[in-house]
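Taken in order, these protein sequences are the chains called B and E. Following my numbering, the numbering of the first sequence begins with 254 at its first residue and continues without gaps. Following my numbering, the numbering of the second sequence begins with 69 at its first residue and continues without gaps.
To be clear, the hints were calculated from the coordinates, so they are not data collected in a lab. Model, not experiment: these values are computed from the prediction. Mixed in with the good hints there might be a few duds.
Pulled from the structure, derived: some chain E residues nowhere near chain B, Cβ distances all over 10 angstroms [said to hold, decoys possible]:
1) Asn117
2) Ile232
3) Ser237
With a straight-line Cα cutoff of 27 angstroms, these simulated DSSO-like cross-link-like pairs (lysine-lysine) come out [claimed, not checked]:
4) Lys407(B) / Lys94(E)
5) Lys124(E) / Lys410(B)
6) Lys75(E) / Lys95(E)
The C-beta atom is built at its ideal place from N, Cα and C for all residues, glycine as well.
Chain by chain, the residues run as shown.
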Amino acid sequence: MGAREAISLGPESFSEAFPFHFAFDEDLQIVALGRALKRKFPSIGLGRPFSDCFKIRRPTDFSVCSESFSDKKTLYLIEVQQSTLVLRGQIIKHTEQCFLFLGSPWFSNTEDVIAAGLTMDDFAIHDPVIDLLQLLQSQRMAFQDIKQFTERLKTQKEKLSQANRDLEQQNKTLQQTEQRLRHQESEARKLALVAAGTDNAVIITDANGLTEWVNAGFTKQTGYELDDIIGRKPGHLLQGEETDSKTAAFMGSQIAEGNSFHVEIVNYTKSGEPRWIEIECQPVQDNQGGITNFIAIESDITARKNAEHSLRQAKQSAEEANRLKSEFLATVSHEIRTPMNGVLGMSELLLDSKLDSKQLSLLQTIRSSADSLLAVINDVLDLSKIESGKLEIHQETFSLRSLIDNVLGSVCERCSQKGVELNGIVHHSIVDSLFGDRGKLQQILINLIGNAAKFTERGEVRLEVYELSRYNNTTNLEFTIIDSGIGFDSSESEKIFESFRQSDSGLARKHGGTGLGLSISKKLTEILGGTIKATGQLNRGAQFTCRIPMKLATAEQNTEPPIEQINARVSIEGIHASSSKAISNHLTYLSIPHLICEDEAASLHFFKSSDDGPHLKRVIIRDEAQHEAKRFPLPSGVKEIERITLVSIGGKYHVSPEERVLLKPLRFLSLKNSLQATVEGLAANTNPNSASPQIVSPRYRRILVAEDNPINRQLIQEVLHRLNLGSTIVNNGNEVLELMENEAFDCILMDCQMPELDGLQTTREIRKREAQKEGSDTQRTTIIAMTANALVGDRERCLNAGMDDYMAKPIRFAEVKSKLLVTEKDGPLSESSSPLPTPKDSGIRSTLEILIDQIGSEAVLELTQDLLKDAPIRLEKIQKLQQSSDLEPLQLEAHSLKSVCQTYGLTESATLLQTIETAIGENQRTDFSDLITRLVLAYGEESAKLKKTLDQLQTTQETAS
Amino acid sequence: MYGLVNKAIEGLVVENYGEEAWERIKKEAEVDVDLFVSNESYDDSLTYNLVGAACKILDAPAETVLESFGKYWITRVATESYGHMMDAGGSNLTEFMQNLPNFHTRVSMIFPNLRPPRFEVTDIEQKSIHLHYHSHRPGLQSFVVGLMKGLGERFGDDVTVSLIETRSSDPIHEIFKVSW
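Start from the sequences, fold in the hints, and give me the full structure.
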């Protein structure tokens, strides 16, 4: 067998070598199939047409016919029909009738092998397709590895960058730490230099407070060397008897807790001298925050401590001096008030008597002088009350417009005398009925307007009230007092509220007053929760603005009846701008239509245009200056016009009795009443030139007076007599109680300090008895205190004891009158009058003159002789009583004699007696012998003067008679 | 050995004991390779060191480690890396075993530096065969056991493997009886 034959294969071997072969004849029918195709595609049977089984994919556009297959060089891709299997191979013409395909499946990845449903066995062993696929697979794995490697690299790179950043940060921190260390080192170096060079003691201890090092300053300060203290706690060596144990314990605890501290403590030097030392101690920490040391810097502050001590003492002395000053002020004002009893009381009684014009003028001066003196004293007392913080707020319901009327009334006389226009504008939107401290608000405004009136010689003083805001139940009111007076330098606008200050002390001399008014106003405003400020220019007037929150009266608090509609139309004709504005606001508040105009022509036009029914009254309010102005005939339809003239007090305008007038400054109530009367057709009766008529009736029918001092007894009796009031008079509380067993009284005027049973005790007893009789028809007796002690809290003591009211001595005619009589127009009393120059002397002579006038010379002679007889006995008694351990009898005796001395104007004796009385009252163990010696001397002098004056008066009277 | 083997050890450890254990093993084996490349040839000692270190760190005998590795090799590595070749290797254990020698021939064609073991299959019964293992590397019998058990798992058969003969020669020739 030749080599060619030797390599020819039998069908089985051929199929093993080419499992994917197939053969077809020239009719293109399948004639042979490889084992793998046979297994996989049993449908491809022998004899089947080529095209049913296979499809030539490459070459494309291949025309399947036997001729086409003759080219041996063609690479075929043949798809097995109805499958995805593609065979790659060549076709050779085996014989003339037979074509043979040799090849194997073509795959580009291993998955396709499985997808084609083939196994390894289907492939000939020599077929490299599977291995090539695996090679591809391994390349893919390599690619995967590279990808993974790249990913890992990327991650590593990120980590590296992060590490770099961390490193940079660490580096930065390191640099900072290094810098800090360098800084600390340099600080330490400086500190070391300072520590070595300073006079202060520097101690470095370990963490437990045991000394490691001290500087030279320490040795200089304490006398101890380093060797003395090393390894010891500094306190053990330095602290001693005067060292405050609490401070020492505090230092120990701070060291134990590792805290810094700052203390002042007494340390001792080696020589045993105590020194005040200021210690500043700081812990020193290592990098981990652990404490390694403490550094203490100790300064000797003994000199400062001594200075502080002196300062404290000086401050205490100053405070004590201030307290004494306040006491002195209170005492002095009290002492001045007491003799005012004589001056004011007598002058008022005197004014009511028959006098010639010169006497009247002199007496008016006395009275006004006394009034202003009283105003000054009241200011001082007010201020001392405010400063001591004892002023309480008394809330009540009041009418704001009435209050403004009163405020205007307080200065109307002064303004009209100077021809200064005075106006009060209350904005119509403001609610009239308020709830608050009426008294304080009134005092503030009276002070401010009084001040304005005082410093204004011409032009205008104007009070304006506006509402800034209203929230819930509170209205914020702004009161502005504007004047055209001398003003003040704008740089003074804060200072003028200081006590005892007027912008120019010369002004005080010219205008009088204490300069306390503004200070009091400011303080009262602040007490009411408000603010006050002043603006002004020298010679251009001043403006005081006061903002005060006020509560609106609730329906329950408001006792005022609602305003009745006044059916009128009003023309305000030719009136000063401010007055017009004031009237206009009041009319708007009263819902009265009105017009402000220049002349009657305009008024008539206004009336003509109105048609408000037959009962409408047409009213012209005009200024007195308009009196001569032209009258126009009434227009048709206007039957009648009422005219009200606004006139000044003491003006030249002559008012006929039937004419309706209103006084300047225009007051709300007068305006309202006048309009009401006009509408109701009542006769005019307001004549400004006569005293306002008042229908007077006694408030109480049965009056009892309890007063131990005979002179005062006579005085009050005389006052009551002048008021047409009868009275019963007793000496002390026991007599009051005794009398009241059988007799009832409507009112008791009760002296507070009386022998046996004083006024307060008596009152308590009366109230107790009344309480026991409750339910019967016994009426509660009104008790009014009379006391010479015008001190803070006095009033409260009286009221607490059950009294109803309070009159400070000196008893004033007007005050007694207002308390005991009811007048038809029971307006508020003008308690604060314009301050005028103070009198220089209210001495014995004038006192006696007044007394004589009140109770007659005979009575005075008799009483004075009684006094001159009685007083030496009392003085002797006083001298004896000072030895006694019980000082109460001495106090009573001194009080009683003081009262008599005051009545006679023996002022020095009275002052000394007051000093004794007060000292006992305040439990002061004073050297009474000195006081009493001075008293005996003073009484000797003053009684001699009294006798002399009495003789002179007697002579004068005898001569006269 | 190719990186694929070392990667497989890494996969086995990380999957069962975590990254940290793997890092400890590498450290113990003094292997400073961050990432094994599958197609790259590494020194055999590296693989031995890794196995030794794994025994120490995981506190397990070498046999257990190697057997686990053998199983892991079949069920995870081979399936993932030569999955379709494995599929093509046969549809049952007998078939696969019979193809095994060729399989290795093919693999060695792809990895030219590979010194793969040689396998022969004799005494083919319906439920057992004799597997002849020829290798230049000592001490990997347990690995072979693991491989057989892994194959059993692959084809759903419970396989037992016993060494029936060791013929002292170079390369080592060991005969295992694989039954299922």
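Does Lys95(E) lie within 27 angstroms of Lys75(E) when you go C-alpha to C-alpha?
-> holds (16 angstroms)
Decide, holds or violated, for the assertion that all CB atoms of chain B are farther than 10 angstroms from the CB of Ile232(E).
-> holds (28 angstroms)
Taken at face value, is the distance from the CA of Lys94(E) to the CA of Lys407(B) at most 27 angstroms?
-> holds (22 angstroms)
Is the straight-line distance between the alpha-carbon of Lys124(E) and that of Lys410(B) 27 angstroms or less?
-> Distance ~33 angstroms between Lys124(E) and Lys410(B) Cα, so the pair is violated.
Does the no-contact call for Ser237(E) survive, Cβ to all of chain B over 10 angstroms?
-> holds (27 angstroms)
Could you let me know if the closest chain B CB is still more than 10 angstroms away from the CB of Asn117(E)?
-> Consistent with the label, Asn117(E) stays out of reach of chain B, its closest Cβ about 21 angstroms off (over 10 angstroms).
Violated hints amount to a single one, hint 5; each of the other numbered hints is respected by the structure.
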